[in-house]
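Once you've looked at the hints, dock chain Z against the given chain W.
Chains W and Z supply the protein sequences, listed in that same order. Here this note's numbering is used: position 89 in the first sequence is 89, and no number is missing along the way. Offset between the second sequence (1-based) and this note's numbering: plus 1000.
Since the hints were made in silico from the structure, they are not lab data. Some hints could be false.
[Said to hold, decoys possible] Simulated crosslink set (SDA-like; lysine to any residue; CA at most 25 Å straight-line):
{"id": "1", "chain 1": "Z", "residue 1": "Lys1081", "chain 2": "W", "residue 2": "Ser325"}
{"id": "2", "chain 1": "Z", "residue 1": "Lys1055", "chain 2": "Z", "residue 2": "Glu1011"}
{"id": "3", "chain 1": "W", "residue 1": "Lys367", "chain 2": "W", "residue 2": "Glu352"}
{"id": "4", "chain 1": "W", "residue 1": "Lys301", "chain 2": "Z", "residue 2": "Tyr1085"}
{"id": "5", "chain 1": "Z", "residue 1": "Lys1143", "chain 2": "W", "residue 2": "Arg285"}
{"id": "6", "chain 1": "Z", "residue 1": "Lys1143", "chain 2": "W", "residue 2": "His297"}
{"id": "7", "chain 1": "W", "residue 1": "Lys330", "chain 2": "Z", "residue 2": "Glu1077"}
{"id": "8", "chain 1": "W", "residue 1": "Lys294", "chain 2": "Z", "residue 2": "Gly1114"}
{"id": "9", "chain 1": "Z", "residue 1": "Lys1099", "chain 2": "W", "residue 2": "Asn341"}
{"id": "10", "chain 1": "W", "residue 1": "Lys260", "chain 2": "W", "residue 2": "Ser198"}
{"id": "11", "chain 1": "Z", "residue 1": "Lys1019", "chain 2": "W", "residue 2": "Pro62"}
{"id": "12", "chain 1": "Z", "residue 1": "Lys1055", "chain 2": "W", "residue 2": "His297"}
{"id": "13", "chain 1": "W", "residue 1": "Lys330", "chain 2": "Z", "residue 2": "Lys1099"}
{"id": "14", "chain 1": "Z", "residue 1": "Lys1143", "chain 2": "W", "residue 2": "Tyr286"}
{"id": "15", "chain 1": "W", "residue 1": "Lys57", "chain 2": "Z", "residue 2": "Pro1041"}
{"id": "16", "chain 1": "Z", "residue 1": "Lys1099", "chain 2": "W", "residue 2": "Tyr327"}
{"id": "17", "chain 1": "Z", "residue 1": "Lys1099", "chain 2": "W", "residue 2": "Ser325"}
{"id": "18", "chain 1": "W", "residue 1": "Lys193", "chain 2": "Z", "residue 2": "Arg1277"}
{"id": "19", "chain 1": "W", "residue 1": "Lys334", "chain 2": "Z", "residue 2": "Asp1267"}
{"id": "20", "chain 1": "Z", "residue 1": "Lys1479", "chain 2": "Z", "residue 2": "Phe1451"}
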Amino acid sequence: MESHELTFEPDDRYNAFLAVCKKAPYGKGKLSGIAVAVKDNISTRGIETTCASKILKGYIPPYDAHAVELLRHAGAAIVGKTNMDEFGMGTTTENSAFGPTLNPCDTGRVPGGSSGGSAAAVAGNMVRMALGTDTGGSIRCPAAFCGIVGMKPTYGRVSRYGLIAYANSLEQIGPMARNVSDVSSLLQVIAGKDRHDSTTYDRPYTHTPVSGIKGLKIGLPQEYFGEGVDPRVAGVVKNAIGRLEELGATTVSCSIPSMKFALAAYYVTCACEASSNLARFDGVRYGPGADSKKSWHESFKEVRRAGFGAEVRRRIMLGTFALSSGYYGKYYAKAQVARENVKADFARIFSEVDLIAGPTMPSIAFKLGEKSDPLSMYLSDILTVPANLAGIPAISVPCGKVDTMPVGLQIMGRHFDDERVIDAAYAYEQAVN
Amino acid sequence: MAEDQVIVGLEVHCQLDTKSKLFCGCSTDYRDDGPNTHVCPVCLGLPGAMPSINKRSIEYAMKVAKALNCTVLHESEFSRKNYFYPDLDKAYQITQYDKPLAEGGYLEIESDEGGERRIQLTRIHVEEDPGRLVHMGNAERGKYSLVDYNRAGIPLIEIVSEPDMRSPKEARKFLNKLRATLEYLNVFDSDKEGSLRVDANISIKGNERVEVKNITSYKGVEKALTYEVTRQKNLIRRGQQIERETRHFIESTGITQSSRSKEQEHDYRYFPEPDLRPMQVQSWVDGIVLPELPDARRERFISQYGCSLNHARTLTGELKLANFFETVVAADPKELSALAATWIADTLIGELNYRGMSLDRVDAAGITELMGILRNGTITDKSGIEVLRVMLDQRLNNEPVETPAAIITRLNLGKTTGDNTAIISAIEEAITENPKALEDYRAGKGGALNFLVGQVMKKTRGKADPGELNRMLVEALKKREA
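Excised from the complex, chain W in its bound form (with noise of 0.2 Å):
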């Protein structure tokens, strides 16, 4: 029962928030009273949920997420809805159709996405946690530019339900939180089997982290330190992986050669899944609505035209072309090879290594406007995506700073290792405190 209410009035100077609840309900349980930031294409009942989309603006959804039903459970306060690119289209949360969010740590730069309005929230010491969506990296990414710690857990460790899709076979919710602590507890509440998701696992999550890697063997993928990487990062990375040493681990060069293909594979499928899930925006049913008096075709494509954003179509466009027939077999079907070779690679690493580590971003945030091509915008992801398509858990924990900027560190475990991987994050950064 939410029998209390939390008044709730941040000062939003980084445009993290597009909804705030000022007197947020909250009851009993494990989070009681916490205040918590919930990323806007999740379904949240009574409150508009839009995806930072023109095409949502004023859809209140009639029903919770099952993650949102599962705070609410736990007591949380749902204080508001975040900022984000919109769908979850992009690495900066520039793409939002309601302005872009800052980074807390230099508001001249991104705060990464597509996750922003949460990874800034957090950052900016509005709440204490929130919930992000990742789908190549939207959690880790703004994670590791704003400072924080930012978790994608294994595919179908938690519900998805509510989750407005972008790319249904890649994207999980995560917590974000300051601390591996609070990123755990989140995970405590949310993760578990959902009959109205049939793709997540009877696999609750009730660890506590202890700060143990002694003995473990960490893989470091040259991927991951080479071309394209700012060699600053890379360095501040080897150092934290360092630390790791120090604490017991051994460590262990390998590599991930399909990589090379990883981040077509991954747009690809990922465009090709949205051109599909957005296709029902149609002003038929909420949203903006469609003018009556055109004909069917022209209303919808007027409706469509106008509330989505340049990259969205641009995904929209590729993936529904990318599925056409006669070159199905070409992309989709490539893409899904390329996918199993990912996974294979990864298994291939796990079965000699315990955890992969790596950098987060190959970057640390971009100043705003600086990536306005989209194709140098898709390569900064090279780094996460690659969890996405095998399934893995990964974190970023923060690991030290380049010119005053986070930068993350990304811990990678085997399906279903979120404890190991938390546990690991928990060790460096119990480390460093």
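Only chain Z this time, still in chain W's reference frame:
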């Protein structure tokens, strides 16, 4: 013959009669309720909602697959069929594409030449029904449509046949047999409006094939295909080419109409539904216990009740009819079966069709009683028909219902055995009124006797037993001779 051989294949969509929808818990019992009252985030396709498979739907579909001798695949999966239409709330239909639930199989029908014919099946797959558009206003002005999503998410199976049928009549028979099988399996309710929809592929051997869509009734299939056969043969006769196209059947006029080809150039961009895992249900097949199916019941009706092949076929061709027959004869199968088979298969069905009346409204006990009376020979067959008609009309018009005995008494339809005075006087009258017939009879013209029988029958309103009447008439004629 072979020159203009007709080739027909069918794609039959049937709603499975489950309690809840295919991918959510909404009730399927929507027909008497207002629009958009049986909906939830899942079947409305609200953002973020996800499908989860209703196990019962898959079990129902597998029952059908087993009954139709199909092979359930080791792994099957759902795919998305993408297209824009306002009745399709997600802008894709969750269906099965390259990994259907089951493949192969066959259904046996009675061929036009008599005997059994095996119609091979291609596949059976499971999919969700879209919503329904209700068109308001008219084409000239104020035309708009409303959408009702009550139907969205109702489980459908699509049964695809090989092009094995050779006439519109065979197509109709295939459909009837399929309906009977689905009803026997208790997975389908053919009485529900729109529970069956058919697309038909039809060609004349050596020519392009035409797809006819939008057939929603059993009779419609034969009608649409008969129209197409004539249309296509006429084109060929005039030396024209048959175009490969899709045509729509217009139920009200019984014709097919070409769909504008541009609207047909769909590219559905199928890909696997990422929100559902592939299904591995082959192992369930062994656990499915099938009930007695139409063919087995037909054979049993022949051996157990001594029905003729034709009667057995008719009676078992519909589950309700077969059950009705067995209820009627249950009290005394030995005495009633032969009589009831004829009366139900021939007379009752005819009378019901004439009235557009459903068998559901007929009281089996009343028919049993009537059969008993007929069996005892206390009324003539002609009177029996009259009693039956009264019984049906009373039910149809919601009038007070009488037993057959009461009707017989009220209308004085009992055979006049024992009391022959009425017949004797009728005979005397008939002979006196028709001196010519008497003359002809004396001259040895056989037709005269029959004529006089007819006259007497008329006068006694059919109550006289024909055998008895004949005997008495001959006697009376002999008397006059003397």
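How the hints compare with the structure:
1. Lys1081(Z) to Ser325(W): Measuring from Cα to Cα gives roughly 12 Å; hence the hint holds.
2. Lys1055(Z) to Glu1011(Z): Judged against 25 Å, a Cα distance of about 24 Å means the pair holds.
3. Lys367(W) to Glu352(W): Since the Cα atoms of lysine 367(W) and glutamate 352(W) sit roughly 39 Å apart, the hinted pair is violated (cutoff 25 Å).
4. Lys301(W) to Tyr1085(Z): Roughly 12 Å between the alpha carbons, so the hint for lysine 301(W) and tyrosine 1085(Z) holds.
5. Lys1143(Z) to Arg285(W): This hinted pair holds, its Cα atoms lying about 19 Å apart.
6. Lys1143(Z) to His297(W): With Cα atoms ~15 Å apart, lysine 1143(Z) and histidine 297(W) stay inside 25 Å; holds.
7. Lys330(W) to Glu1077(Z): Judged against 25 Å, a Cα distance of about 21 Å means the pair holds.
8. Lys294(W) to Gly1114(Z): Answer violated: lysine 294(W) to glycine 1114(Z) is near 56 Å, above 25 Å.
9. Lys1099(Z) to Asn341(W): holds (23 Å)
10. Lys260(W) to Ser198(W): violated (32 Å)
11. Lys1019(Z) to Pro62(W): With a Cα-Cα distance of about 24 Å, the restraint between lysine 1019(Z) and proline 62(W) holds, given a limit of 25 Å.
12. Lys1055(Z) to His297(W): Answer violated: lysine 1055(Z) to histidine 297(W) is near 36 Å, above 25 Å.
13. Lys330(W) to Lys1099(Z): holds (20 Å)
14. Lys1143(Z) to Tyr286(W): Within the cut-off at roughly 22 Å; holds.
15. Lys57(W) to Pro1041(Z): Holds - the C-alpha atoms of proline 1041(Z) and lysine 57(W) are around 18 Å apart, at most 25 Å.
16. Lys1099(Z) to Tyr327(W): Holds: lysine 1099(Z) and tyrosine 327(W) sit about 19 Å apart, inside 25 Å.
17. Lys1099(Z) to Ser325(W): holds (17 Å)
18. Lys193(W) to Arg1277(Z): Distance ~14 Å between lysine 193(W) and arginine 1277(Z) Cα, so the pair holds.
19. Lys334(W) to Asp1267(Z): holds (20 Å)
20. Lys1479(Z) to Phe1451(Z): holds (18 Å)
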